[in-house]
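The whole structure should be built from the sequences, with the hints applied where relevant.
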Amino acid sequence: MRVHHVVLLVAAAILATTNAALTLPQFMINSPKLTGSLLTAQQQRFLRTPYTEDDSIEERGISTVVEKTKALLSSSKVSEQTLERWVRNDKSPKKALIRLKLDKAGDKLLEKPQFETWAKYMTMLNKENPEAAMISTLRTRYSDDVLSQMTITAETASGTKEMAARLQAGQRSVWMSEWKSADDVFKLLKLNVNKADRKLFANPQFTVWTKYVDDLNGGETKKANSVIVSTLTDHHGDEGLAKLIRAAKDVEETKTLAMDLQKAQVDNWFVAMESPKDVKKWLGVKGATSDTAEAQLYHNYVKNYEKIFRKTE
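Counting from 1, position 144 in the sequence shown corresponds to residue 144 in my numbering; the numbering is continuous, with no gaps.
By construction, these hints were calculated from the structure, which means they are not laboratory data.
None of the values given here were measured: they were computed from a predicted structure.
Among the hints, erroneous ones may be present.
[To be verified] Below 27 Å or equal to it, Euclidean Cα-Cα: the simulated DSSO-like pairs (lysine-lysine) are:
id, residue 1, residue 2
1, LYS180, LYS195
2, LYS161, LYS255
3, LYS199, LYS249
4, LYS307, LYS277
5, LYS307, LYS280
6, LYS303, LYS277
7, LYS286, LYS243
8, LYS91, LYS77
9, LYS104, LYS94
10, LYS281, LYS263
11, LYS255, LYS187
12, LYS243, LYS222
13, LYS91, LYS101
14, LYS77, LYS161
15, LYS223, LYS199
16, LYS112, LYS95
17, LYS277, LYS195
18, LYS180, LYS211
19, LYS199, LYS180
20, LYS195, LYS280
21, LYS180, LYS222
22, LYS112, LYS161
23, LYS120, LYS77
24, LYS127, LYS77
25, LYS223, LYS307
26, LYS211, LYS223
27, LYS199, LYS243
28, LYS94, LYS108
29, LYS222, LYS199
30, LYS222, LYS255
31, LYS199, LYS280
32, LYS91, LYS120
33, LYS77, LYS112
[What the hints assert, rightly or not] Taking CB as the label site, the calculated pair distances span:
id, residue 1, residue 2, range
34, GLU220, SER143, 24 to 32 Å
35, TRP179, ASP278, 27 to 35 Å
36, ASP278, PRO113, 54 to 62 Å
37, VAL193, VAL87, 35 to 43 Å
38, ALA247, ARG141, 33 to 41 Å
39, HIS235, GLU84, 47 to 55 Å
40, ALA247, TRP179, 27 to 35 Å
Cβ atoms here follow ideal geometry from the backbone N, Cα and C, with glycine treated the same way.
Here you go:
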């Protein structure tokens with residue numbers, strides 16, 4: 001009971017300040033000369049929009065202050081009955097975060113025991129797609145790249161691995177619902193920032209991005225790889241990307257992906273009917289007798305290229 005009394009006292013103090021802002025004489029409110037000089041910033045803010053209970057309370061932040069006061073004076077542990085009451089009262093996800101003392105967790109959010117409680121509440125509140133609902137709320141506090149990195153870090157711990165996978169799926173779902181292109185998400189994840197990074201393919205954020213591109217293309221790997229190559233070409237150029245791919249082929253961790261993307265790159269060149277001379281340069285083929293994988297790709301390219309031109313003669 002004492003907690004509720006303190007909360008009510010805090011809220012009452014805020015309401016008293018708010019009411020004072022609304023009791024100015026009408027002639028002062030209507031006077032253009034006096035409005036700017038006599039009305040405080042808070043008073044002007046309240047006079048801009050029609051007064052409604054829900055809007056004004058939300059705007060003044062009263063409910064947020066109350067939640068923070070409850071969090072300060074209460075345990076972060078919440079019972080099943082409390083969660084059910086929150087659902088009945090339709091407590092907002094943001095207020096639930098505050099009540100669970102998660103609003104100051106920073107990038108350690110997913111490691112907090114209370115996060116599981118919040119996730120449970122979000123599942124009760126949004127049965128169809130709780131992961132997307134969680135991401136939508138968290139995006140008001142974290143940028144996409146930071147949120148993604150948090151899930152990547154959480155993947156490495158057994159206690160948070162499953163939650164990390166759920167949130168990554170939720171993040172991709174949100175991007176899809178917003179019609180984000182492959183290039184949009186590439187930039188959201190800040191993968192376009194360091195173009196000199198020779199280990200781009202080993203970046204965990206790159207893996208997050210390629211999973212999104214795969215979802216974007218209905219799980220059709222060949223189509224997804226073509227989009228990946230096209231997007232990377234926009235940022236690195238044909239030759240620059242070809243060099244990145246060759247470097248990634250020398251690393252066991254990224255070798256398979258690099259080989260798939262190299263094939264997709266050559267296929268894209270063929271669709272665009274790039275000249276064999278340019279392809280040879282981009283692939284880094286030296287001399288006519290080279291026996292590298294790139295040389296083999298080049299010779300196959302020339303063979304298919306000449307077939308097309310013989311048919312058109």
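Practice prompt. Hint by hint, work out which the structure violates, then give me just those numbers in ascending order.
Written response: none
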